[in-house]
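Visitor: Work out the full structure, taking the sequences as your base and the hints as a guide.
Note that the protein sequences, when read in sequence, are chains A and B.
In this text, residue positions in the first sequence follow the numbering used here: the first is 18, and each later residue adds one.
In this text, residue positions in the second sequence follow the numbering used here: the first is 56, and each later residue adds one.
I should point out that these hints are in silico values taken from the structure, not numbers from a laboratory.
A hint or two may mislead.
Unchecked claim - Computed cross-link-like contacts, EDC-like style, restricted to lysine to aspartate or glutamate with a CA-CA straight-line distance of at most 20 Å: (1) Lys394/B <-> Asp425/B; (2) Lys362/A <-> Glu259/A; (3) Lys100/A <-> Glu68/B; (4) Lys462/B <-> Asp218/A; (5) Lys200/A <-> Asp292/A; (6) Lys200/A <-> Asp288/A; (7) Lys183/A <-> Asp240/A; (8) Lys183/A <-> Glu50/A; (9) Lys100/A <-> Asp425/B; (10) Lys203/B <-> Asp168/B; (11) Lys290/B <-> Asp230/B; (12) Lys203/B <-> Glu169/B; (13) Lys378/B <-> Asp493/B; (14) Lys322/A <-> Asp288/A; (15) Lys199/B <-> Glu152/B; (16) Lys226/A <-> Glu259/A; (17) Lys100/A <-> Glu347/B; (18) Lys99/A <-> Glu144/A; (19) Lys394/B <-> Glu420/B; (20) Lys394/B <-> Glu375/B; (21) Lys99/A <-> Glu67/B; (22) Lys362/A <-> Glu152/B; (23) Lys378/B <-> Asp345/B; (24) Lys362/A <-> Glu347/A; (25) Lys161/B <-> Asp130/B; (26) Lys151/B <-> Asp383/A; (27) Lys203/B <-> Glu237/B; (28) Lys378/B <-> Asp425/B; (29) Lys226/A <-> Asp88/B; (30) Lys99/A <-> Asp88/B; (31) Lys182/A <-> Glu209/A; (32) Lys99/A <-> Glu152/B; (33) Lys100/A <-> Glu87/A; (34) Lys475/B <-> Asp428/A; (35) Lys291/B <-> Glu208/B; (36) Lys475/B <-> Asp288/A.
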Amino acid sequence: MVDRDNDNFRNVIENPCPMCMPLGAILPFKGIENAMVIIHGSQGCATYMRRHIAEHYNEPIDVASSSISERGAIYGGEDNLKKGLDNLIQLYNPGIIGILTTCLAETIGEDVERISHDYLNERGMAEYPLVPVPTPGYGLSHSEGYFLALKRIIGRLARPAPAHKKINVITPNLSPADLREIKRILTLMGAEYALCPDLSDTLDSPYSKTYSRIPAGGTPLADIAVMPGAPATIQFANTLEESISPGHYLESTFGVPLFNLPVPIGLEACDIFLDVLHQVTGNQIPDSLLIERGRLLDAMIDSHKYNAQGRSVIFGEPDLVYALTRTCFENGIKPMVVATGSRNKNLHRLLTGPNMHWPVDACFLDEADYASIRIHAKEKGANIAIGSSEGRYLTEREDIPLVRIGFPIHDRVGGQRLLSAGYTGTTMLLDRITNALLEDQQRHYRLNMYLSYFSGDLEMR
Amino acid sequence: MNSLRAGITVVEERRASIHTKSGQSCGLRCETDSIAGCVSQRACVYCGARVVLNPITDAIHLVHGPIGCASYTWDIRGSLSSGEELYRFSFSTDLKERDIIFGGEKKLACAIDELVERYRPPLVLVYSTCIVGIIGDDLEAVCKAAAKRHGIEILPVQSSGFAGSKSDGYKAACDVLMRLIEPRQGMQPFPGAVINYLGDFNLAGEAWIISDYLRRMGIRLNVVFTGDSSYHTLKKAAGAALNVIQCAGSMGYLGIAMQERYGIPYMNVSFLGMEDTANSLRQIAGFFNDAEITNKCENLIARESRLVEPQIMGYRQDLEGKKAAIYVGGGFKAISLIKQFREIGIDVVMIGTQTGRHEEYDTIEGLVGDGTVVLDDANPAELEQFMMQQGADLLVGGVKERPLAYKLGLAFVDHNHDRKHPLSGFAGAVNFAREVHDTVCSPVWQYL
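Guide: This is the structure in structure tokens:
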């Protein structure tokens with residue numbers, strides 16, 4: 018037997034939950050103004066990831082590759098990477114470039130930091146923001162790749178800056194619609210902000226007569242540069258480890274106070290967000306937002322008895338899973354199986370802590386695969402699944418209806434337009450969940466009642 | 056329409072891979088490595104191998120590598136099965152840093168043991184990935200030992216991602232298939248008209264459609280490589296009198312290998328479009344030189360054509376004069392598409408492939424008209440530039456190309472492996488015409 022690293026050690030994963038680290042690292046670059054990415058590795062890596070991301074957002078996802086071949090694997094990929102950067106700059110003229118490593122590059126020992134440095138010197142571009150991020154596919158999952166890349170982008174660009182009023186708002190992998198909602202709330206609260214990354218336009222771009230190879234939008238580099246002068250950082254990543262936390266970096270390096278909050282999905286999480294905004298800006302919560310809050314409460318009351326029937330299986334990236342589980346708690350839906358493909362020290366502790374309603378018989382899965390999620394969901398009698406479209410497997414095999422949220426959503430359109438954040442988004446999410454429960458009930462209750470209670474002679478029908 | 060902020064469109068080094076047809080063919084540069092940084096649309100060796108082997112329905116498809124390679128290939132293909140469903144699962148040894156340092160052989164052996172115990176499959180295929188090629192795990196030895204332990208066939212697939220292109224992955228898959236085929240005693244083929252059908256992955260039931268045609272002609276389909284195939288059916292492949300090959304890019308190599316080892320002749324066919332379908336059926340019937348088969352074949356073609364021709368002609372009325380751009384994986388598909396577009400009155404103004412071969416590009420240049428842009432291993436910037444410059448109304452391509460077409464306001468036809476409707480045979484020809492019509496004639500374009 019191979020040594021056991023941890024409780025979840027398995028020799029084989031069946032139907033994987035997580036995606037690989039470089040895929041996660043592509044996403045924040047897509048939310049930085051005029052940014053491009055090159056994957057240092059085999060050509061296929063870039064292609065698979067582009068396909069996986071493009072199918073979710075229905076947007077062109079251009080990602081370059083250093084296209085390491087057999088020769089590069091033996092003699093090193095430095096020439097390929099440099100040439101790749103030359104070509105990429107010619108084609109896209111980006112203002113910042115991320116270099117993401119892969120299994121291959123890391124295993125053959127590519128020193129990407131050194132190559133980047135040499136490249137910039139050789140080309141006389143010493144000041145150009147080239148951001149290497151070590152993201153071996155055998156390292157951490159896509160969730161950690163996302164935050165590590167974000168931390169590196171901020172680490173490369175942020176410089177000590179005079180105090181200003183723009184709040185740093187660090188977001189995890191949320192839908193562009195959710196990001197737009199967060200921006201709307203910030204504006205309603207009278208807050209100035211730098212949302213980073215800002216995928217709201219870049220990965221959900223409007224049709225336009227003029228096509229832009231790098232879509233318009235994204236966090237301006239100038240905004241990132243002055244992040245150290247911000248009055249505070251609000252980061253929606255309360256399960257995140259400090260070592261890869263961009264907010265923690267800004268706090269420990271530049272003294273920017275960090276509010277590490279849950280993703281604003283669910284009544285309490287939205288309340289926390291608004292309280293912090295009130296605290297940081299000194300502004301009162303406007304009536305319009307209070308009305309939205311009232312509507313959410315009204316919806317929660319309207320649906321509470323239906324929701325009480327819910328036994329959910331929740332899966333996805335840790336911060337989203339945390340928010341969704343709390344939303345279930347708030348609405349009387351019992352989370353019976355809570356799973357993430359990532360390895361996360363904090364999620365379980367936070368969900369089972371004081372003031373939580375963690376059911377004694379619920380099951381928590383770290384580094385999960387869908388085979389184990391399926392087994393536990395069946396065993397616990399789950400009747401609703403909440404997570405990415407990979408959960409269609411639970412519908413197909415166990416007849417558990419799926420409410421799609423998170424990344425990726427491949428079998429339906431509009432993953433990028435799904436709104437679940439803020440009071441209004443939470444109301445819409447809750448309706449999607451309640452309606453899935455209702456639809457399931459309506460589909461099955463006649464037969465269920467018949468099977469449960471009918472005792473007459475079949476011949477008499 | 057032009058690009059904002061963008062730089063140049065064609066990198067100097069790429070020019071030899073792009074050609075505007077005028078007169079005779081010029082020898083396009085192809086079958087070379089992708090140029091770094093050019094945002095190639097190509098995939099890797101593993102991708103090619105997995106595409107070809109994944110439709111084997113009762114095999115365990117185990118990826119020896121990091122999680123991503125298995126994650127991105129879990130049940131993404133529309134290959135259908137009439138039996139087992141095991142192929143729709145994706146298994147991974149999920150290699151981690153310590154495995155990279157200490158080697159992954161032990162973990163792989165344990166993974167195989169676990170899976171065989173759980174699923175009792177007749178066959179386990181172990182796909183190698185980039186790092187496995189680097190850390191030097193001996194897949195052959197691990198598989199051999201495991202096969203001995205369990206008394207079933209366990210084969211490595213040499214598909215380290217960087218070690219070539221998608222085409223090399225096809226080859227690696229064909230090597231595995233050759234190992235699966237059982238030599239026949241005395242090398243005598245099965246009695247009667249029995250053929251194998253290579254290069255159909257039964258997307259949306261396409262192999263079932265062709266199998267039905269053949270049955271109606273009095274020809275028995277022995278093995279399909281690899282759509283809706285199973286371990287035991289693949290074993291019997293050496294008994295066929297003829298191999299017909301549809302997707303020559305992926306399976307041509309297997310046809311040649313089977314001819315060399317088993318003396319089975321092969322012919323290239325295409326069941327895409329009415330014209331190609333009819334010609335291919337005639338070609339197969341012709342091989343057997345049997346009046347009854349020929350007769351049945353002609354009846355079938357006449358009957359099916361009568362059914363679909365009016366429908367296709369109906370669509371053609373609205374489509375005549377439109378211009379198509381094509382960017383697909385292999386040359387076979389590209390060639391068939393030119394002819395299929397001609398059937399519905401559409402000219403091809405731009406055409407390219409990821410992995411087309413020299414002889415396929417020669418054929419392409421022979422088929423398209425002067426002024427058509429032909430390009431190998433194109434990138435989004437080039438696709439954008441040439442589709443707009445050539446005035447294309449629609450693009451045929453895969454998942455990555457679709458959003459580009461839509462952003463440019465162009466119609467789009469999905470010709471990928473996850474589609475849910477067949478494009479083969481007479482039924483497929485109608486589906487194709489309807490899909491082109493649905494997208495080109497949609498009201499949505501009026502609002503742009």
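Visitor: Hints first: check each against the structure and report whether it holds.
Guide: Here is what the structure says about each hint:
Between the alpha carbons of lysine 394/B and aspartate 425/B the distance comes to roughly 16 Å, so the proposed pair stays at or under 20 Å and holds. Among the hinted pairs, lysine 362/A with glutamate 259/A is consistent with the structure: their alpha-carbon atoms are about 11 Å apart, no more than 20 Å. Annotation: proposed proximity of lysine 100/A to glutamate 68/B holds, straight-line Cα distance about 11 Å (limit 20 Å). Restraint check: the Cα-Cα separation between lysine 462/B and aspartate 218/A comes to about 14 Å, which is no more than 20 Å; the hinted pair holds.
Between the alpha carbons of lysine 200/A and aspartate 292/A the distance comes to roughly 16 Å, so the proposed pair stays at or under 20 Å and holds. Annotation: proposed proximity of lysine 200/A to aspartate 288/A holds, straight-line Cα distance about 16 Å (limit 20 Å). Distance check on the hinted pair: lysine 183/A and aspartate 240/A sit about 9 Å apart at the alpha-carbon level, within 20 Å; holds. For the proposed pair lysine 183/A and glutamate 50/A, the alpha carbon gap of about 17 Å is at most 20 Å, so the pair holds.
With a CA separation close to 34 Å, the supplied pair lysine 100/A and aspartate 425/B exceeds the 20 Å bound. For the proposed pair lysine 203/B and aspartate 168/B, the alpha carbon gap of about 11 Å is at most 20 Å, so the pair holds. As the CA atoms of lysine 290/B and aspartate 230/B are separated by approximately 14 Å, the hinted pair is consistent with the 20 Å bound. About 15 Å separates the Cα atoms of lysine 203/B and glutamate 169/B, which keeps this hinted pair within 20 Å; it holds.
Restraint check for lysine 378/B and aspartate 493/B: the C-alpha separation of about 15 Å stays at or below 20 Å, so the hint holds. This hinted pair does not check out: lysine 322/A and aspartate 288/A have alpha carbons roughly 23 Å apart, beyond 20 Å. Annotation: proposed proximity of lysine 199/B to glutamate 152/B is violated, straight-line Cα distance about 26 Å (limit 20 Å). Annotation: proposed proximity of lysine 226/A to glutamate 259/A is violated, straight-line Cα distance about 44 Å (limit 20 Å).
Between lysine 100/A and glutamate 347/B the CA atoms are separated by roughly 62 Å; this puts the pair beyond 20 Å, and the hint is violated. Distance restraint check for lysine 99/A and glutamate 144/A: the Cα-Cα separation of roughly 17 Å lies within the 20 Å cut-off, and the hinted pair is therefore satisfied. Distance check on the hinted pair: lysine 394/B and glutamate 420/B sit about 13 Å apart at the alpha-carbon level, within 20 Å; holds. Proposed proximity of lysine 394/B and glutamate 375/B is supported: the alpha carbons are some 14 Å apart, at most 20 Å.
Between lysine 99/A and glutamate 67/B, the direct Cα distance comes to roughly 16 Å. Compliance with the 20 Å bound is thereby established for this hinted pair. In summary, the hint linking lysine 362/A to glutamate 152/B is supported, as the alpha carbons are separated by about 19 Å, within the 20 Å threshold. Taken as a hint, the lysine 378/B and aspartate 345/B pair is broken in the structure, with Cα atoms around 42 Å apart against an allowance of 20 Å. The suggested pairing of lysine 362/A with glutamate 347/A is violated, with an alpha-carbon distance near 24 Å, which exceeds 20 Å.
Under the criterion of a C-alpha separation no larger than 20 Å, the hint pairing lysine 161/B with aspartate 130/B is inconsistent with the structure, at around 27 Å. A distance of roughly 16 Å separates the Cα atoms of lysine 151/B and aspartate 383/A; the hinted pair therefore holds under the 20 Å criterion. Among the hinted pairs, lysine 203/B with glutamate 237/B is consistent with the structure: their alpha-carbon atoms are about 18 Å apart, no more than 20 Å. Restraint check for lysine 378/B and aspartate 425/B: the C-alpha separation of about 14 Å stays at or below 20 Å, so the hint holds.
Between the alpha carbons of lysine 226/A and aspartate 88/B the distance comes to roughly 35 Å, so the proposed pair goes past 20 Å and is violated. Taken as a hint, the lysine 99/A and aspartate 88/B pair is honoured in the structure, with Cα atoms around 16 Å apart against an allowance of 20 Å. Among the hinted pairs, lysine 182/A with glutamate 209/A is consistent with the structure: their alpha-carbon atoms are about 6 Å apart, no more than 20 Å. Note on lysine 99/A and glutamate 152/B: the hinted pairing is violated, with a Cα-Cα distance of about 27 Å set against a maximum of 20 Å.
Pair hint lysine 100/A plus glutamate 87/A holds up; C-alpha atoms about 17 Å apart against a cutoff of 20 Å. Of the pairs offered as hints, the one joining lysine 475/B and aspartate 428/A holds, with about 12 Å between alpha carbons and a cut-off of 20 Å not exceeded. For the hint linking lysine 291/B to glutamate 208/B, the alpha-carbon distance of about 15 Å falls within 20 Å, and the restraint holds. Of the supplied pair hints, the one linking lysine 475/B and aspartate 288/A is violated, its CA atoms being roughly 45 Å apart against a limit of 20 Å.
Checked against the numbered hints listed earlier, the structure breaks hints 9, 14, 15, 16, 17, 23, 24, 25, 29, 32 and 36; every other hint is satisfied.
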